[in-house]
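Asker: Fit chain B to the given chain A structure using the hints.
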Amino acid sequence: AADGEEPGLQPCAAKKVKLELKERKEKKQKVDEDEIQKMQILVSSFSEEQLNRYEMYRRSAFPKAAIKRLIQSITGTSVSQNVVIAMSGISKVFVGEVVEEALDVCEKWGELPPLQPKHMREAVRRLKSRGQIPNSKYKKIIFH
Amino acid sequence: MAAFRWGSGSPSAPPGSARRCLAAMADEEEDAPFEEDAEDAGGGLDGGQGKRKRLFSKELRCMMYGFGDDQNPYTESVDILEDLVIEFITEMTHKAMSIGRQGRVQVEDIVFLIRKDPRKFARVKDLLTMNEELKRARKAFDEANYGS
Chain A
154 AADGEEPGLQ
164 PCAAKKVKLE
174 LKERKEKKQK
184 VDEDEIQKMQ
194 ILVSSFSEEQ
204 LNRYEMYRRS
214 AFPKAAIKRL
224 IQSITGTSVS
234 QNVVIAMSGI
244 SKVFVGEVVE
254 EALDVCEKWG
264 ELPPLQPKHM
274 REAVRRLKSR
284 GQIPNSKYKK
294 IIFH
Chain B
354 MAAFRWGSGS
364 PSAPPGSARR
374 CLAAMADEEE
384 DAPFEEDAED
394 AGGGLDGGQG
404 KRKRLFSKEL
414 RCMMYGFGDD
424 QNPYTESVDI
434 LEDLVIEFIT
444 EMTHKAMSIG
454 RQGRVQVEDI
464 VFLIRKDPRK
474 FARVKDLLTM
484 NEELKRARKA
494 FDEANYGS
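Chains as they are written, first to last, in the numbering used here: chain A, 154 to 297; chain B, 354 to 501.
Pulled out of the complex, with its shape left as it was, chain B reads as follows:
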């Protein structure tokens, strides 16, 4: 994990919080594995946006409903959103590559880019903090089990 600091904040989390955040993480995100998604048939990014295979249709529908749209959003609207998201990520990635360590995307760069957007900044801060706590909790759990 990068050595940069968020500012104020204790370096070690109080004991109860790891359990709380494990529960919160379970609620919060679908537990998607990090290795290649088996059922995704190699979504190609070549060609125009019309030809590109849809990457996030299922997830976007759930997201739109969660944010207030109908339970069954229109496919055309989902497609527009997907294109927007891909454009957003592409822009962010290019910008991140052009600052800090050139040609690479690092967390510090992303944080710098969104520093003026309070919602996104707070969200990244929470996510990364939670991830650290989770890693620590898992490590402690593994070490505890190793003995028995």
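Pulled out of the complex, with its shape left as it was, chain A reads as follows:
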């Protein structure tokens, strides 16, 4: 490219980018469809107990009213529906992270479910050391 050309993409370069984006999007859709199909095959081979658990995994959710009330009691103002949806969603992910870690601890200690408080507490300790649990009370030492 010579000097004195205006900044930005030339027409054929712009077309190239557009084509690339389209290809990437189609590829992503194919990957999504593949994954949907794989999930269907997996779920269709579940035992009854696995189906029960999977249903609970999908359906369990925090009651929106209670979450909304909790957030609003902290902010003192009202919050939008999307905030409640987002907060409920990430809270469920959080629960999953703690339970999965606790199950790892339980198994590592050669024990079985149901999870006991000691497993939960050890799980929290580990997640905290990996920075996966927000804790603003810790005094950050910036300069050693």
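No wet-lab data here; the hints were simulated from the structure.
Just to be clear, a hint being listed does not mean it is correct.
What the hints assert, rightly or not - Using 20 angstroms as the maximum straight-line C-alpha spacing, the simulated DMTMM-like pairs for lysine to aspartate or glutamate come out as follows: (1) A:Lys290 - B:Glu440; (2) B:Lys411 - B:Asp436; (3) A:Lys181 - B:Asp479; (4) B:Lys469 - A:Glu250; (5) A:Lys169 - A:Glu179; (6) A:Lys281 - B:Asp436; (7) A:Lys271 - B:Glu435.
Claimed, not checked - Covered by chain B, according to a simulated footprint, are these stretches of chain A (three or more residues, beta-carbon under 8 angstroms): (8) 170-176; (9) 219-226; (10) 243-251; (11) 257-269; (12) 272-284.
In this text the structure is predicted, and so the values were computed from the model without any measurement.
Just so you know, even glycine gets a beta-carbon here, dropped at the ideal spot from N, CA and C.
Answerer: Just chain B now, with coordinates in the frame of chain A:
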């Protein structure tokens, strides 16, 4: 809905997806109403954590089973989890209040706070996208019915 964009992504959803996501939403979440929960006896948040009335016992039990615990989790473990969740939400709320528009909690703030956590970020993205599609689908449905 906020005007912020997720990055790449088409502004309008392809026609078939609304139906798919209605089905997915039905599977995905308990259909809880947004107005005050009638059967919840005003769960107070005052006092120490020991005195606080349990807010999510039922739901947490189902969640724990779904994530791999026994079908009947120990109550003490459920209580510990509930305290953790409330602490998590409290922390997030305070952080969200301190960024962006001060004193308010907005979706953009939450998204910003979890940007480094891939699982939570992806989850929020999915949930909000699905919600938008659902709203659009419901609106189209209502408009279609209004004519007949």
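Asker: Are the hints correct? Go through all of them and say.
Answerer: Going through the hints against the structure:
Proximity of Lys290 of chain A to Glu440 of chain B is assessed by CA-CA distance (about 12 angstroms); at most 20 angstroms being required, the pair is judged to hold. Distance check on the hinted pair: Lys411 of chain B and Asp436 of chain B sit about 14 angstroms apart at the alpha-carbon level, within 20 angstroms; holds. A C-alpha spacing of about 15 angstroms is found between Lys181 of chain A and Asp479 of chain B, which places the hinted pair at or below 20 angstroms, so the restraint holds. Taking the CA atoms of Lys469 of chain B and Glu250 of chain A, the gap is near 15 angstroms; set against the 20 angstroms cutoff, the hint holds.
At roughly 15 angstroms between alpha-carbon atoms, Lys169 of chain A and Glu179 of chain A fall within 20 angstroms of each other, so this suggested pair holds. With a C-alpha separation of about 15 angstroms, the suggested pairing of Lys281 of chain A with Asp436 of chain B holds against the 20 angstroms cut-off. With a CA separation close to 15 angstroms, the supplied pair Lys271 of chain A and Glu435 of chain B stays within the 20 angstroms bound. For a cut-off of 8 angstroms, the count of residues in the region 170-176 of chain A with a CB near a CB of chain B stands at 1, and the three-residue condition is violated.
With 7 residues carrying a beta carbon less than 8 angstroms from a beta carbon of chain B, the region 219-226 of chain A meets the three-residue requirement, and the given coverage holds. Given a C-beta distance limit of less than 8 angstroms, the hint that chain B covers the region 243-251 of chain A holds, as 9 residues qualify and 3 suffice. Here's how the region 257-269 of chain A fares: 4 of its residues keep a CB closer than 8 angstroms to some CB of chain B, so the rule of at least three is met and the hint holds. Check on the region 272-284 of chain A: 4 of its residues sit with their Cβ under 8 angstroms from a Cβ of chain B, so the three-residue criterion for coverage holds.
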